[in-house]
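Student: Following the hints, position chain B against chain A.
So the sequences go chain by chain: A and B. Letter 72 of the first sequence, counting from 1, is numbered 72 in the working numbering, and no numbers are missing. Letter 96 of the second sequence, counting from 1, is numbered 96 in the working numbering, and no numbers are missing.
Just so you know, the hints here were simulated from the structure itself, not pulled from any lab data. Among these hints, one or two may not hold up.
[What the hints assert, rightly or not] Facing chain B, according to a computed beta carbon distance under 7 Å, are these residues of chain A, among others:
1) 67
2) 72
3) 76
4) 77
5) 79
6) 80
7) 81
8) 82
9) 89
10) 114
11) 128
12) 132
[Unchecked claim] What follows is a list of derived Cβ distance ranges for each label pair:
13) B:138 / A:127: 43 to 49 Å
14) B:27 / A:127: 29 to 35 Å
15) B:18 / A:85: 36 to 42 Å
16) A:99 / B:82: 31 to 37 Å
17) B:83 / A:108: 35 to 41 Å
18) B:6 / A:109: 30 to 36 Å
19) A:67 / B:8: 33 to 39 Å
20) B:94 / A:117: 36 to 42 Å
21) B:113 / A:108: 37 to 43 Å
22) B:52 / A:109: 36 to 42 Å
23) B:18 / A:127: 17 to 23 Å
24) A:108 / B:139: 19 to 25 Å
25) A:108 / B:134: 19 to 25 Å
For glycine and all other residues, C-beta sits at the position ideal for the given N, C-alpha and C.
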Amino acid sequence: MPLASPEMFGQNLGRMASKSYKTIFGGAVLVVFSASFVLAQGSAATAGAPIAFSCGSVAAIGASEFTFVPIVVGADATEPRGINNAGVIVGSYTNAFDSNYGFVLRNGVVTTIELPNSITQIAGINSSLELAGDYLPSNGRDNPKALFSGTDT
Amino acid sequence: MVGSYYLESGYQGFLYQGGIFTTLSFPGAAGTLAEGINNQGQIVGVWYDSNLTDYPFLYSDGQFQQLPVPGCENSGAFGINNHGDIVGFCSDPELGLGFLYQNGAFLLFSFPGATNTLAFGINDSGQIVGQYYPPGVGEPQGFLATPVP
Numbered sequence: 001m002p003l004a005s006p007e008m009f010g011q012n013l014g015r016m017a018s019k020s021y022k023t024i025f026g027g028a029v030l031v032v033f034s035a036s037f038v039l040a041q042g043s044a045a046t047a048g049a050p051i052a053f054s055c056g057s058v059a060a061i062g063a064s065e066f067t068f069v070p071i072v073v074g075a076d077a078t079e080p081r082g083i084n085n086a087g088v089i090v091g092s093y094t095n096a097f098d099s100n101y102g103f104v105l106r107n108g109v110v111t112t113i114e115l116p117n118s119i120t121q122i123a124g125i126n127s128s129l130e131l132a133g134d135y136l137p138s139n140g141r142d143n144p145k146a147l148f149s150g151t152d153t
Numbered sequence: 001m002v003g004s005y006y007l008e009s010g011y012q013g014f015l016y017q018g019g020i021f022t023t024l025s026f027p028g029a030a031g032t033l034a035e036g037i038n039n040q041g042q043i044v045g046v047w048y049d050s051n052l053t054d055y056p057f058l059y060s061d062g063q064f065q066q067l068p069v070p071g072c073e074n075s076g077a078f079g080i081n082n083h084g085d086i087v088g089f090c091s092d093p094e095l096g097l098g099f100l101y102q103n104g105a106f107l108l109f110s111f112p113g114a115t116n117t118l119a120f121g122i123n124d125s126g127q128i129v130g131q132y133y134p135p136g137v138g139e140p141q142g143f144l145a146t147p148v149p
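Pulled out of the complex, with its shape left as it was, chain A reads as follows:
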């Protein structure tokens, strides 16, 4: 697993039983914790050549131009969800086996984020490299999604 400290994670999983959370969420289990991830698994990002694009071809209001670069991570779908002011991009991807993982794209290198035995999705990152996302334990399809946060070290 690409998580540095299963022990720390285990402790935090213990918080999932927090009664106050359960009360707030009407039975849904929710966990919020901070942990330092050591990102051990990585591969190069596949990014195509920049494509210049003018918005004039659609009903654009306001004059602006962007350069678009595809972000392709893994063999299947890619879903970037957030970008911080340093340009670090986070999101999720699906591999050929339809497994879902979180990713961090930083300085051209993709690091996979996978919470143990879970479908992991990363939703956001801030300037302090703190990540937020959710995960769905794969050992029980009836388990609700849970939230997590952590810090990209």
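Tutor: This is chain B only, laid out in the frame that chain A set:
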């Protein structure tokens, strides 16, 4: 941090700040999803009516505001940066576009050649990330859009 949870009655948004959860429900909505927040605490998201039509909102200074995107049947907001620039999607049954709301105006855009484009996040440099659907039966892929100076 913002997010959403699902009850039998529909989605509810939430704000998690200082160890406290606060529910976010757009007035009169059948459901609310909180999708993005900036350092000023401004929150953007999607609310939907009983017909499951989506609309974007901005929650700022304790007040919900609608963000009607011109010409869009379905739309929603996903990201906001510290300048108050907002990104999201605008779609009808045949075409989906990303939008950027900046300086009081909407800019609609598409990844080149894509049938559907969604913008999820924007940073303070105006860089936008999102997802596009290639023509045909391709799986959705990501994009980074950087403003040309």
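Student: At the C-beta level, are residue 138 (chain B) and residue 127 (chain A) separated by a distance inside 43 to 49 Å?
Tutor: At roughly 33 Å between Cβ atoms, residue 127 (chain A) and residue 138 (chain B) fall outside 43 to 49 Å, so the hint is violated.
Student: Does the nearest C-beta of chain B fall within a distance shorter than 7 Å of the C-beta of residue 79 (chain A)?
Tutor: At about 5 Å, which falls below the 7 Å cut-off, the nearest Cβ of chain B leaves the hint on residue 79 (chain A) intact, so it holds.
Student: Take the C-beta atom of residue 108 (chain A) and the C-beta atom of residue 139 (chain B), compute their distance, and say whether it sits inside 19 to 25 Å.
Tutor: Taking Cβ atoms as reference, residue 108 (chain A) and residue 139 (chain B) lie about 22 Å apart, which means the hint holds.
Student: Holds or violated: 33 to 39 Å for the Cβ distance of residue 67 (chain A) and residue 8 (chain B)?
Tutor: Violated - the Cβ-Cβ distance for residue 67 (chain A) and residue 8 (chain B), about 45 Å, lies outside 33 to 39 Å.
Student: Go through the hint on residue 76 (chain A) and say holds or violated, using the shortest Cβ distance to chain B against 7 Å.
Tutor: 5 Å, holds
Student: Have a go at the residue 81 (chain A) hint: is there a Cβ in chain B nearer than 7 Å to its own Cβ?
Tutor: 5 Å, holds
Student: Starting from the hint 17 to 23 Å, judge whether the C-beta atoms of residue 18 (chain B) and residue 127 (chain A) obey it.
Tutor: Holds: the Cβ-Cβ distance is about 19 Å, inside 17 to 23 Å.
Student: Does residue 67 (chain A) pass the interface check with chain B, least Cβ-Cβ distance below 7 Å?
Tutor: 5 Å, holds
Student: Holds or violated: 36 to 42 Å for the Cβ distance of residue 52 (chain B) and residue 109 (chain A)?
Tutor: Check passed, 40 Å falls within 36 to 42 Å.
Student: Should the hint that residue 77 (chain A) touches chain B count as held when the rule is a Cβ pair under 7 Å?
Tutor: Cβ of residue 77 (chain A) sits 4 Å from chain B, so the hint holds.
Student: Look at the Cβ atoms of residue 113 (chain B) and residue 108 (chain A) and judge whether their distance stays inside 37 to 43 Å.
Tutor: 24 Å, violated
Student: Can the hint on residue 80 (chain A) be confirmed by a CB-to-CB distance to chain B that is less than 7 Å?
Tutor: 4 Å, holds
When each numbered hint is compared with the structure, violations occur for hints 10, 11, 13, 15, 17, 19, 21.
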